[in-house]
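Position chain B relative to chain A; hints supplied.
First to last, the protein sequences are chains A and B. Per the working numbering, the very first residue in the first sequence carries number 1; after that it's consecutive. Per the working numbering, the very first residue in the second sequence carries number 1001; after that it's consecutive.
Among these hints, one or two may not hold up.
[Claimed, not checked] Below, in silico cross-link-like pairs of lysine-lysine (DSSO-like), each with a Cα-Cα straight-line distance of 27 Å or less:
hint, chain 1, residue 1, chain 2, residue 2
1, B, Lys1053, A, Lys308
2, B, Lys1110, A, Lys388
3, B, Lys1003, B, Lys1167
4, B, Lys1153, B, Lys1214
5, B, Lys1052, A, Lys388
6, A, Lys244, B, Lys1141
7, A, Lys308, B, Lys1052
8, B, Lys1153, B, Lys1184
9, B, Lys1016, B, Lys1003
10, A, Lys117, A, Lys264
11, A, Lys36, A, Lys22
12, B, Lys1214, B, Lys1196
13, B, Lys1153, A, Lys388
14, A, Lys72, B, Lys1110
15, A, Lys309, B, Lys1053
16, A, Lys388, B, Lys1053
17, B, Lys1131, B, Lys1214
18, A, Lys309, B, Lys1052
19, A, Lys308, A, Lys72
Hints listed in this document are in silico derivations from the structure and should not be mistaken for laboratory results.
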Amino acid sequence: MSLSQKLSDDLNQRILPLTLPKNNNKKRCEALKRIKAMGLPSRRDEYWKYTNPRLFNDLFSNKNHVLGSDDKLNFDSIGCFKLIFNDGVFDQSSSDSLEGEELELTQISDFSGDTAKWLEAFYGSLEEAGQHPINRPLAKLNTAFATDGLAIRVTGEITKPINIVYNETSNRSDVNLHHCIKLEAGSSLTLIESGSVSTRLNKVTELEVAQDSSFHHVCAQTNNLDKIVSTHLFARLWENSVLKSFTLTTNGALTRNEHVVELKGNNGVSHLAAACIGEGRFHHDDTVFVTHEGTDCESRQVFKKVLKKGAFGIFQGKILVKPGAQKTDGYQISQSLLLDDDSQFLAKPELEIYADDVVCSHGSTSGAIDEEGLFYLRARGVPEDTAKDLLILAFLAEALAEIEDTNISELLLTYLERSL
Amino acid sequence: MLKITNLKVELEEESKEILKGINLEIESGSVHAIMGPNGSGKSTLSYVLSGKKGYKVTNGEVELAGEPILELEPEERAASGLFLAFQYPVEIPGVGNMTFLRTAMNSQRKFRGEAELSAADFLKLVREKAKELKIDAEMLKRPVNVGFSGGEKKRNEILQMALLEPKMCVLDETDSGLDVDAMKLVADGVNALRDKGRSFLVITHYQRLLDHIKPDFVHIMADGRIIKSGGPELALQVENNGYSDLLAEVQ
Chain A
1 MSLSQKLSDD LNQRILPLTL PKNNNKKRCE ALKRIKAMGL PSRRDEYWKY
51 TNPRLFNDLF SNKNHVLGSD DKLNFDSIGC FKLIFNDGVF DQSSSDSLEG
101 EELELTQISD FSGDTAKWLE AFYGSLEEAG QHPINRPLAK LNTAFATDGL
151 AIRVTGEITK PINIVYNETS NRSDVNLHHC IKLEAGSSLT LIESGSVSTR
201 LNKVTELEVA QDSSFHHVCA QTNNLDKIVS THLFARLWEN SVLKSFTLTT
251 NGALTRNEHV VELKGNNGVS HLAAACIGEG RFHHDDTVFV THEGTDCESR
301 QVFKKVLKKG AFGIFQGKIL VKPGAQKTDG YQISQSLLLD DDSQFLAKPE
351 LEIYADDVVC SHGSTSGAID EEGLFYLRAR GVPEDTAKDL LILAFLAEAL
401 AEIEDTNISE LLLTYLERSL
Chain B
1001 MLKITNLKVE LEEESKEILK GINLEIESGS VHAIMGPNGS GKSTLSYVLS
1051 GKKGYKVTNG EVELAGEPIL ELEPEERAAS GLFLAFQYPV EIPGVGNMTF
1101 LRTAMNSQRK FRGEAELSAA DFLKLVREKA KELKIDAEML KRPVNVGFSG
1151 GEKKRNEILQ MALLEPKMCV LDETDSGLDV DAMKLVADGV NALRDKGRSF
1201 LVITHYQRLL DHIKPDFVHI MADGRIIKSG GPELALQVEN NGYSDLLAEV
1251 Q
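Chain A on its own, in the form it takes in the complex (with noise of 0.2 Å):
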């Protein structure tokens, strides 16, 4: 048999029990046919080298499954208004009603032409955009096959962040949640994702920034067990406006978070950060390209890995500056603290730069506990355990400086101390 019938054989096996929703169907159609023709990831693919697609690819296998439960973290001292979904499924009855709020929502499974009628061209173009010049397989699996997810259009400055709340009830569910938002201009919105949607979720959330509006968005993915994720979001940014991007990973088996963002406008700014802490069984990949194309812009990359007992972690970041995007300032930097001589970590930072008046750095280092800070610690009477989680805070704190609201990141930083 050979390669590619093998390739198409595992892709018609992986879509088999799926069936395309009749909802944007038009849309579903092209993502369908686009997916037959790139197959599913492969350790061939370049972007694919030290995440093995496997969990991914393969039929749907939920044995020995723990469901996910984690009441240690709740966002409800900041004051949200909290959607929730049950198994991947949207809960309008159980969500707060965010009438009276300057914005749109509808459920993309309701999705009729009628209502939301942006949403018919917006769905899957950014996905479809973030398709070049590297195939996101996932994305456009999920594109065409997506069950449900929220289209929010923003128009205003949303007063209380809103806090989507996944729980799972089930230890059966393989999902796909596909979230459409779309600021228009002049308007803010904090977004937080947290708790845990599914045995494996594939998730892709379109979002476009329009001029002079900002987007903050906290994604907790704390309570993960055996997960298998793989998360894709796909932004765009006109002149003025800011993304702030923070996600957040504590165990799971597999995770693979993909941040793909064009600064399309000029003046744009665009951070993006991470922090995960895992151990054993734990693959942790960060998969991030950031194309700068207006002036002026701004974009951040940190991301922080702490990994113990055979760990292991990947950042792939790449910062593509093209021609005309004059006065860049782009900077990424990626760290592991390795905890024992077991765990891993890979980073391949890429710059591609054809503008010649810009500012673009990178750096990425790997290492073990500070033993002079250790000691320092110690010799002042704090106890060996408790030195070290005091240090590893510290390693991830710049990542969760890069949180714009510091109510949010000191309840994280609360967590995180409880949680080591």
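Just chain B now, kept in the frame of chain A:
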């Protein structure tokens, strides 16, 4: 307070003997100074006392207030009342100075079975002690020693000493990297802590620190041994003639 008996120490990685039989007894409330040329083992002594990794004790005993301490972890020694003021205080990015001070204080109190300090009581105490040492509030907010000048780092050491109230303070070249004014400030901080129940071991190259912190006894250390002990006049002798006369005398 501190009794060191025939202490012999090797580097763990290469069997090189650094301390070759140190004997020293420091009574409660007294100030002893150790002077000596580079490489004589002064800093090693301070590290071995505080329990730093990388050293192997091949012989001897160290007792703090009558209890042997060489088997104890660094944090246990600290909680038992031993304090090392570092020659090079370590910078710890990401750990706030206040968090650090509070964690250290409460860890020690917990170890000794005392109640932990509340946030408010702690804050009051820190502010009071910091003021005496001319440490401004801004410095307390910053990460531990990060971006501190040499003088600020040493003052931060003395602040920790003032808060933790140890019984036995070892000052490892606290004067290094300090200008005259900063040295005076640090010395004043130390002098304020002099007390009947508290002893000091001041390690230094130069006599000038001892102008400000007046020792009861001075010991000269060379090649891993204490070669001569005496009163404060010994420090003046070193200042005037250097170490070579003393070394020659012993040989």
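Any hints from earlier that this structure breaks? Give me their numbers in increasing order, please.
-> none
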